[in-house]
Structure formats: C-alpha cells, structure tokens
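A.B. asks: As given, the protein sequences belong to chains L and C, one line each in that order.
According to this note's numbering, the first sequence holds residues 69 to 171 in order.
According to this note's numbering, the second sequence holds residues 6 to 182 in order.
Hints listed in this document are in silico derivations from the structure and should not be mistaken for laboratory results.
Certain hints may be false.
Here are the computed lysine to any residue pairs in the SDA-like style, where the Cα-Cα straight-line distance is at most 20 Å [claimed, not checked]:
#1 L:Lys-137 with C:Arg-84
#2 L:Lys-109 with L:Ile-98
#3 C:Lys-143 with L:Glu-140
#4 L:Lys-109 with C:Arg-84
A partial selection of chain C residues facing chain L, derived with a Cβ cut-off under 8 Å [to be verified]:
#5 Leu-62
#6 Phe-114
#7 Leu-122
The structure presented is a predicted model; accordingly, all values stated were derived computationally and were not measured.
Note that the Cβ used here is the ideal one computed from N, Cα and C, for glycine as well.
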Amino acid sequence: MKNGPSAAAVLAGGIGLAVTGIISSLAEAIAAFGKALVWSKPVGDLSGKTIIGIVVWLVVWLIIGLAWKDREVNFRAVAIISAILLVVGLFFTFPLVFDLLGG
Amino acid sequence: MAFSLREFWTAVHGMALGFGFILFFTAALALVLTLRPGFLTAQGVRLNVILLKVVGLVIGILSWLAVFVGTYVVYPWYRAAPPAGTTDLTGFPRSRLLANPPVSGWHSFGMEWKEHLGWLVPIIATVAVYLIFRHGEKLVEDRRVNWTLFVILCAAFVLAGIVGTLGAIITKEAPVV
Numbered sequence: 069m070k071n072g073p074s075a076a077a078v079l080a081g082g083i084g085l086a087v088t089g090i091i092s093s094l095a096e097a098i099a100a101f102g103k104a105l106v107w108s109k110p111v112g113d114l115s116g117k118t119i120i121g122i123v124v125w126l127v128v129w130l131i132i133g134l135a136w137k138d139r140e141v142n143f144r145a146v147a148i149i150s151a152i153l154l155v156v157g158l159f160f161t162f163p164l165v166f167d168l169l170g171g
Numbered sequence: 006m007a008f009s010l011r012e013f014w015t016a017v018h019g020m021a022l023g024f025g026f027i028l029f030f031t032a033a034l035a036l037v038l039t040l041r042p043g044f045l046t047a048q049g050v051r052l053n054v055i056l057l058k059v060v061g062l063v064i065g066i067l068s069w070l071a072v073f074v075g076t077y078v079v080y081p082w083y084r085a086a087p088p089a090g091t092t093d094l095t096g097f098p099r100s101r102l103l104a105n106p107p108v109s110g111w112h113s114f115g116m117e118w119k120e121h122l123g124w125l126v127p128i129i130a131t132v133a134v135y136l137i138f139r140h141g142e143k144l145v146e147d148r149r150v151n152w153t154l155f156v157i158l159c160a161a162f163v164l165a166g167i168v169g170t171l172g173a174i175i176t177k178e179a180p181v182v
C-alpha cells in the first residue's frame, strides 16, 4: 500500500488548520475583510472564516490526494511540515495575536 | 428542576457532544497505543481495529456535531446584542461579560480563543479517522503512521480539553439562559 494518500490527508489537514488560523487573524486585522466574512448574521464573521477554512482544506486534500494517489512519499517530512502548520494555525487563532494585528 | 431550551442546547453542546468527544478520545488513545508488534494476538488486533474504527467514527461525528451545534445554535444566543436601554443583561452573556471588567477577559480572551480553536478539532479528528480506516490492521507494522496517528489524537485531545475548559468557565461566569 502506497503512503501517498495518507500523507496527503495529513498535509491537507495541516494546511486547513493554518489557513483557518490565518483567515481568522486577517479578519481581525482588516475590518472590511472581517465584515465580508459575515455569511450568517447571528454567527458573525466566524461563519465565513470557518467555511473558507473547511473548503480550502477539502479542496487541497482532493488535489494532493489525486497527485499522490500512487506515490510513496517521505511521510516523516510530511508529518513534520504538518505539525509546523498546526502550530501556525494555533498561533493565528490565539487572541493576543488577533489584538496585535487588529491594533 | 427544569431546563430552558437554551440551557438544553448548551448542555447538548458541552456535556453530550464535547465531553462525549473527549471521553471517546481516551478510548482511541488506548486502542492506538496497544497496536504494537507483539502486544496482541491476531484475533486481538482484529478486535482492537474494529473497536478503533467504531471509536474513530464516533469522535469524528461528535467533533463535527459539537462545532456545528456550538456555532449555529448556542453561539448566536451567547453573542446576541441587547436592545438599547436594556439594564438586565442576564439573557445576553457576551454583553454581560464585557460590561463587567473583572470578568470581561472571559469573552475577549476565553471565548475568542474557544470559538476559533474549536473549529480546528474536527479537521484533526477527520484526518485521524481517515488514517484509522485506511491503514486498519497495518497500523501494527507501520510505526510511522501509528506514531503520527497518536500525535494527531493527542493534539486533538489537548485542543478539545482547552475548548471544553474555557466553555465550562464561561458558562459558569455568564450562562446562556
């Protein structure tokens, strides 16, 4: 069994986390962007932030998954990169970072 | 003793879905840790993997339900703005917290962190479920994937723990009623 599809799932997950985090901070830093992410009035911009994060994650998973379908990749490297992306996601979802970027 | 509709859904979000998720995660961790060469008989591995798939599916479903119920059912009640001139903020937890400086940090830090961190958990959980189903009994021999799965589960468990703890404190300070 090739490890490409599993590596694709792990990497896409990391990218999804990082994108969700970065969008969350951007929405705080750029007021107009935050306003544009209010896709559900009762929920506020959290709706747009999370839907974009999920869509990006799934699309990236599909693309990398197809590209690595029959490939053997360096799983260790993918796991390390994904762990770094998780840290990026955590960093940008931290409220003190929001405050810093939002001024 | 009676629950209001809002209290009921808050309990479903936090106690049933959130706590249930954490509970099943501990089972998943134990099942992954015992999937090692020489630990189990062939029959034991088969049973372990069946249980891991069931537990994996449960945590995957619970994590998604928890964030959807939390975001689209409970959170709108939490963040609702009171009509102008309202002095009793009991039904408006966000405004109630922000109006009281000693506890306002539970919104500006606690809820702000919780609402974003919570959405990272189902993504991580889904990746874990995918690895469990794709590798199945091969998780015994493939130590790299097994180790990655263990780290992923731990990450989701820690994040869910932070989210749950913040939720419990915020609910204690300003319940959704």
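A.B. asks: For every hint, state whether the structure bears it out.
C.D. replies: Hints, verified against the model:
1. L:Lys-137 with C:Arg-84: Roughly 44 Å separates the two Cα atoms, so the pair is violated.
2. L:Lys-109 with L:Ile-98: Holds, because 19 Å separates the two Cα atoms, which is no more than 20 Å.
3. C:Lys-143 with L:Glu-140: Status holds; Cα separation ~16 Å.
4. L:Lys-109 with C:Arg-84: holds, 11 Å
5. Leu-62: Violated. Min distance 16 Å.
6. Phe-114: Since the shortest Cβ distance to chain L is 5 Å, the answer is holds.
7. Leu-122: holds, 6 Å
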